[in-house]
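**Student:** Quick mapping for you: the protein sequence lines, in order, are chains A and B. For the first sequence, full-length UniProt numbering gives the first residue as 1, with consecutive numbering after it. For the second sequence, full-length UniProt numbering gives the first residue as 1, with consecutive numbering after it.
Because the hints were derived from the structure by calculation, they are not lab data. Just so you know, these numbers come straight off a predicted model, no measurement behind them.
Coverage of chain B stretches by chain A, computed from C-beta distances (three or more under 8 Å per stretch; other residues unrestricted):
1. 10-22
2. 26-37
Pairwise CB distance ranges, derived in the manner of DEER restraints:
3. B:H86 x A:V10: 29 to 39 Å
4. B:L78 x A:Y80: 21 to 31 Å
5. A:R25 x B:D62: 37 to 47 Å
6. B:M79 x A:G54: 21 to 31 Å
7. B:M79 x A:T28: 23 to 33 Å
8. A:S76 x B:E101: 23 to 33 Å
9. A:V10 x B:D62: 26 to 36 Å
10. A:V10 x B:V105: 35 to 45 Å
11. B:S65 x A:R25: 36 to 46 Å
12. B:E5 x A:P27: 44 to 54 Å
13. B:P33 x A:H56: 35 to 45 Å
14. A:T2 x B:D62: 12 to 22 Å
15. B:V10 x A:H56: 16 to 26 Å
16. A:P61 x B:M79: 13 to 23 Å
Covered stretches of chain B (in silico footprint by chain A; criterion: 3 or more residues with CB under 8 Å from a CB of chain A, positions within the stretch not fixed):
17. 48-57
18. 65-79
19. 92-100
Ideal Cβ positions, reconstructed from N, Cα and C, are used throughout, including at glycine.
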Amino acid sequence: MTVVAIICAVLLGLTGLLCLVRIVRGPTMLDRTVAADVFTAACVGAIGVEAAVGRHGTTLPILVALALVAFLGSVSIARYAASQAAGGPT
Amino acid sequence: MSWGEFVDVVAGILLVLGAGFAFVAAVGVVRFPDVLTRMHAATKPQTFGLLLILAGLALRIDSLSDLTLVAVVALFQLMTAPVSAHMVARATFRTGQVDREALVVDEGD
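Only chain A is shown next, with the shape it has when bound in the complex (with noise of 0.2 Å):
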């Protein structure tokens, strides 16, 4: 198990890296949320991860108010974008 935590580890870490690159980079706010929301499930998956190897049930609460938080931002920012584009009160 201790392997699999290891490769596990290196690919989530990389997966977060990677989406703060285009979180960075931009260039408009819609990339962004994308790569926030890959952000989110990398830190769901690290987390869920982590209790398998550690063989415990403390930080599955953490998962599913994670996965609640992520939808929301995504669905806000997403119907902000919209309605900016229409002119619309923002």
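Knowing the structure of chain A, use the given hints to seat chain B on it.
**Tutor:** Below, chain B alone, put in the same frame as chain A:
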């Protein structure tokens, strides 16, 4: 190899596969040229990879309440990922960031 070790090996394979899928999604997000192709790269491997990781996690834990939480996360991911992807794609169309000449079928109005 006992049954417990076999389950552990399967769980490890699932975890590594899931992390690999998340990595593939990130590579797509960095390398693809515009928002829609990046979403194509991001949403599917991200959801599937997360489900693989959760399946590996479910093989490793015993208590029923923890398994319920894992099932809730998986179900929630399956329900919300299409909704948020749809809304982001619609906002992309509305803000005019799509190269409409490059589309084969254009139903986005």
